[in-house]
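A.B. asks: Single-letter residue listing:
Number of protein chains: 2
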Amino acid sequence: MTSPDPRPHVIIVGGGFGGLWATRALAGSNVRITLIDRRNHHLFQPLLYQVATAGLSSPDIAAPLRHILRNQRNVEVRLGEVVGIDTHARTVSLADGDAMSYDYLLLASGATHAYFGHDEWSADAPGLKTLDDALAIRRRLLLAFERAEACDDPAERDAWLNFAVVGGGPTGVELAGTLAEIARHTLTREFRNIDPSHARVRLIEAGPRVLASFPESLSEKARRQLQKLGVEVVTGTPVNAIDANGYTLGDTFVPSRTVLWAAGVAASPLGALLGVPRDRAGRVPVEADLSVPGHPEIFVAGDLASVQQDGKPVPGVAPAAKQMGAHVAAAIKARLAGKPTPTFRYRDFGNLATIGRMAAVVDLHGFKISGLLAWWFWLAAHVFFLIGFRNRLIVLLNWAWSYWSYQRHARIILGRDSPRGAVSPRE
Amino acid sequence: MTSPDPRPHVIIVGGGFGGLWATRALAGSNVRITLIDRRNHHLFQPLLYQVATAGLSSPDIAAPLRHILRNQRNVEVRLGEVVGIDTHARTVSLADGDAMSYDYLLLASGATHAYFGHDEWSADAPGLKTLDDALAIRRRLLLAFERAEACDDPAERDAWLNFAVVGGGPTGVELAGTLAEIARHTLTREFRNIDPSHARVRLIEAGPRVLASFPESLSEKARRQLQKLGVEVVTGTPVNAIDANGYTLGDTFVPSRTVLWAAGVAASPLGALLGVPRDRAGRVPVEADLSVPGHPEIFVAGDLASVQQDGKPVPGVAPAAKQMGAHVAAAIKARLAGKPTPTFRYRDFGNLATIGRMAAVVDLHGFKISGLLAWWFWLAAHVFFLIGFRNRLIVLLNWAWSYWSYQRHARIILGRDSPRGAVSPRE
Numbered sequence: 001m002t003s004p005d006p007r008p009h010v011i012i013v014g015g016g017f018g019g020l021w022a023t024r025a026l027a028g029s030n031v032r033i034t035l036i037d038r039r040n041h042h043l044f045q046p047l048l049y050q051v052a053t054a055g056l057s058s059p060d061i062a063a064p065l066r067h068i069l070r071n072q073r074n075v076e077v078r079l080g081e082v083v084g085i086d087t088h089a090r091t092v093s094l095a096d097g098d099a100m101s102y103d104y105l106l107l108a109s110g111a112t113h114a115y116f117g118h119d120e121w122s123a124d125a126p127g128l129k130t131l132d133d134a135l136a137i138r139r140r141l142l143l144a145f146e147r148a149e150a151c152d153d154p155a156e157r158d159a160w161l162n163f164a165v166v167g168g169g170p171t172g173v174e175l176a177g178t179l180a181e182i183a184r185h186t187l188t189r190e191f192r193n194i195d196p197s198h199a200r201v202r203l204i205e206a207g208p209r210v211l212a213s214f215p216e217s218l219s220e221k222a223r224r225q226l227q228k229l230g231v232e233v234v235t236g237t238p239v240n241a242i243d244a245n246g247y248t249l250g251d252t253f254v255p256s257r258t259v260l261w262a263a264g265v266a267a268s269p270l271g272a273l274l275g276v277p278r279d280r281a282g283r284v285p286v287e288a289d290l291s292v293p294g295h296p297e298i299f300v301a302g303d304l305a306s307v308q309q310d311g312k313p314v315p316g317v318a319p320a321a322k323q324m325g326a327h328v329a330a331a332i333k334a335r336l337a338g339k340p341t342p343t344f345r346y347r348d349f350g351n352l353a354t355i356g357r358m359a360a361v362v363d364l365h366g367f368k369i370s371g372l373l374a375w376w377f378w379l380a381a382h383v384f385f386l387i388g389f390r391n392r393l394i395v396l397l398n399w400a401w402s403y404w405s406y407q408r409h410a411r412i413i414l415g416r417d418s419p420r421g422a423v424s425p426r427e
Numbered sequence: 001m002t003s004p005d006p007r008p009h010v011i012i013v014g015g016g017f018g019g020l021w022a023t024r025a026l027a028g029s030n031v032r033i034t035l036i037d038r039r040n041h042h043l044f045q046p047l048l049y050q051v052a053t054a055g056l057s058s059p060d061i062a063a064p065l066r067h068i069l070r071n072q073r074n075v076e077v078r079l080g081e082v083v084g085i086d087t088h089a090r091t092v093s094l095a096d097g098d099a100m101s102y103d104y105l106l107l108a109s110g111a112t113h114a115y116f117g118h119d120e121w122s123a124d125a126p127g128l129k130t131l132d133d134a135l136a137i138r139r140r141l142l143l144a145f146e147r148a149e150a151c152d153d154p155a156e157r158d159a160w161l162n163f164a165v166v167g168g169g170p171t172g173v174e175l176a177g178t179l180a181e182i183a184r185h186t187l188t189r190e191f192r193n194i195d196p197s198h199a200r201v202r203l204i205e206a207g208p209r210v211l212a213s214f215p216e217s218l219s220e221k222a223r224r225q226l227q228k229l230g231v232e233v234v235t236g237t238p239v240n241a242i243d244a245n246g247y248t249l250g251d252t253f254v255p256s257r258t259v260l261w262a263a264g265v266a267a268s269p270l271g272a273l274l275g276v277p278r279d280r281a282g283r284v285p286v287e288a289d290l291s292v293p294g295h296p297e298i299f300v301a302g303d304l305a306s307v308q309q310d311g312k313p314v315p316g317v318a319p320a321a322k323q324m325g326a327h328v329a330a331a332i333k334a335r336l337a338g339k340p341t342p343t344f345r346y347r348d349f350g351n352l353a354t355i356g357r358m359a360a361v362v363d364l365h366g367f368k369i370s371g372l373l374a375w376w377f378w379l380a381a382h383v384f385f386l387i388g389f390r391n392r393l394i395v396l397l398n399w400a401w402s403y404w405s406y407q408r409h410a411r412i413i414l415g416r417d418s419p420r421g422a423v424s425p426r427e
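Order-wise, the sequence lines are chains S and F. Positions 1 to 427 (full-length UniProt numbering) are the ones given, in order, by the first sequence. Positions 1 to 427 (full-length UniProt numbering) are the ones given, in order, by the second sequence.
Mixed in with the good hints there might be a few duds.
Here are a few chain F residues that sit away from chain S, every Cβ distance over 12 Å (derived from the structure) [to be verified]:
| hint | residue |
| --- | --- |
| 1 | A27 |
| 2 | A54 |
| 3 | G80 |
| 4 | D251 |
| 5 | F253 |
Covered, in the sense of this in silico footprint (three residues per stretch, anywhere, with C-beta under 8 Å from a C-beta of chain F), are these stretches of chain S [said to hold, decoys possible]:
| hint | region |
| --- | --- |
| 6 | 30-42 |
| 7 | 127-135 |
| 8 | 323-333 |
| 9 | 353-363 |
Source of the hints: derived by calculation from the structure; they are not laboratory data. All values derive from a computational prediction rather than experimental measurement. Positions of the beta carbon are idealized from the N, C-alpha and C atoms, including for glycine.
Take these sequences, add in the hints, and give me the full structure.
C.D. replies: Next up, the structure:
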């Protein structure tokens, strides 16, 4: 990357949907691209909850960025952590000391989970954004049943069998629904001292309803499907405290050894490196062409971008990130051709959420379906969009298998307990 | 486990081939069994090198012990670490404070890798015995190419591309052969600043030949097949030092950032808890019925047992462990029936080792095959013996896929670097 090269240098930070789609859309262009990511893989985040609940292995939903892009010769993939951006010198610096100058920069480093100023909860209520997170959660879930099985004290055993998921959005709904399925079906007959189906799975939403981004009728359908799966749905009550022994719901302390956090997201801290104003969630408000105000050579895409359309914010979902990535590629091409940059327009194809075995809700611009049909629709859409043919095949097979057998093949606990039972996961 | 139960209590420590086969063979017996393992899964160790080299995922070669034994009602599976054995009080105590008394005890905790008094090498030359080990090695291998790609200093780049496997037994041969395949084929086109096929893969054996447990003619065949795969085979020279920067071969220091250890095994430290004499490798010499001298109620099976037959030691291989486990079950049944215990006899079906893509050696009592045919034989045997139908199917598919495409689907780096680049793996 130090060799002199006449082509304009495009640095893309983040190999998620935004960054990867922008990279691919620049395949034919006379630029050299450096794609920087802290991880060596693109992650299909919509199926992350399946890794957390032992239904899929990490490699089923992730592919090495190098492999995805091996035939795109104008791209260099760089494993590294961005620690500085100098918008005047137009350089990006990495944790390993390297620095690179750019002609165009796309920041697409996504979002992380947020604890609303309660970061002390993170150790006892892990969130789900990365494969590491998913494996930490998987380890916790599986160990909870093991601890309960080995435990002689009834109160402690109940605490191990008391699961809470905080946050009634799509991730919380997926986790709670699948967790209930595991307790009720997957673990049947495997334990001798406990009955896993007596495990209590609670989904806690501070707002009035689950899946608030869906029409009310589908939120209600989702609640009923969750209850049918054995999930206790609590709405309109906030969680006010979380520690290693349990959580406080409203004013009541509930003993629980397993609390999962699906309540909030915050934009990637890399946004702060731009030194421009950000919104309350840490997102960067961008121009109509997704460039940063005052910096036509810098773009932001995906969950890190704050984009308003028709008075509503564009949602932080995969399709929006892909569309933004492709748009940034088009905007860079326009700049290179001396043309005006186009205005970004989000095309909303609808909203899906899965709830558990055979249960989902789908909202296609007012055309609403739920239950089994919605679940098949959701399954088809997600498997279709998975990166890489092989993954699709294996994922389908794993699904067919666990669907038919109720089994989840990835129930392997690895890693050791670190002090105070915090987890150091491996798969 | 505290409830009074008239049935004799059999404690089996270790869910590997020895312990699991003993447990299954006691299915019909009027005993209650507690199977104790530090891990929640049975591991198909012969394919562990495939996880280390990113060809398979952990769940492909491991299955939860609870799941395997869910329908055997006289078994209780206990996740726990044995820390004490009182052979007079006949109790086993666990790290979590629990203690259990036994009528019969089977110790089948296997082996770990040994550094011949050089434990300080372990950080820089990881061995391969558990899934955690495999994922640590996978992470090291994949990161080495990433570091080389990002590195501007030629000498340092070469050190990152210089791989050494110490130990020319089956594991060392498998690792070296597969590593060469990855460098020469899997990573083609994926890097921009390095050519992975220039990576140097060295297999170092202090003895005169690789695969010393095979006939000389097959050792020679294996050496030639390794060289064809691009492995540099060094025999008759010991490694005298290993640190983070390289290793000393004879008297020459070789800069290398990736050294893998496949040179020695030692029996599980649990053998010491019995307070009986052990051999130099830490194994427990047993009676003809596999019981411990002076303790007819205690048995040892698998890699922890030192068994002589026709003046030769029974090898530490999976078939021997399975046969010992089944024999111990028979011996316990004989004791319960007041009959004399049978004498263990190891039935040697032959010796297989795989070398890499399309290369293996097979020795069936003098009937020797090598190359592609041997490889298919090896593949069929290993897939057939995998626990669980689903795993077999998925493993076969993954194999077919990586065989056809040269790709390895599990090339996902997880976890973070701990200080000095030591690894904290996750998959």
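A.B. asks: State for each hint whether it applies.
C.D. replies: Hint check results:
1. A27: Consistent with the label, A27(F) stays out of reach of chain S, its closest Cβ about 15 Å off (over 12 Å).
2. A54: It is violated; A54(F) is separated from chain S by about 8 Å at its closest Cβ, not greater than 12 Å.
3. G80: violated, 7 Å
4. D251: It holds; D251(F) is separated from chain S by about 34 Å at its closest Cβ, greater than 12 Å.
5. F253: About 25 Å separates F253(F) from the closest Cβ of chain S, which puts it past 12 Å; holds.
6. 30-42: Holds: 3 residues of the region 30-42 of chain S have a Cβ under 8 Å from chain F.
7. 127-135: holds (count 3)
8. 323-333: violated (count 0)
9. 353-363: violated (count 0)
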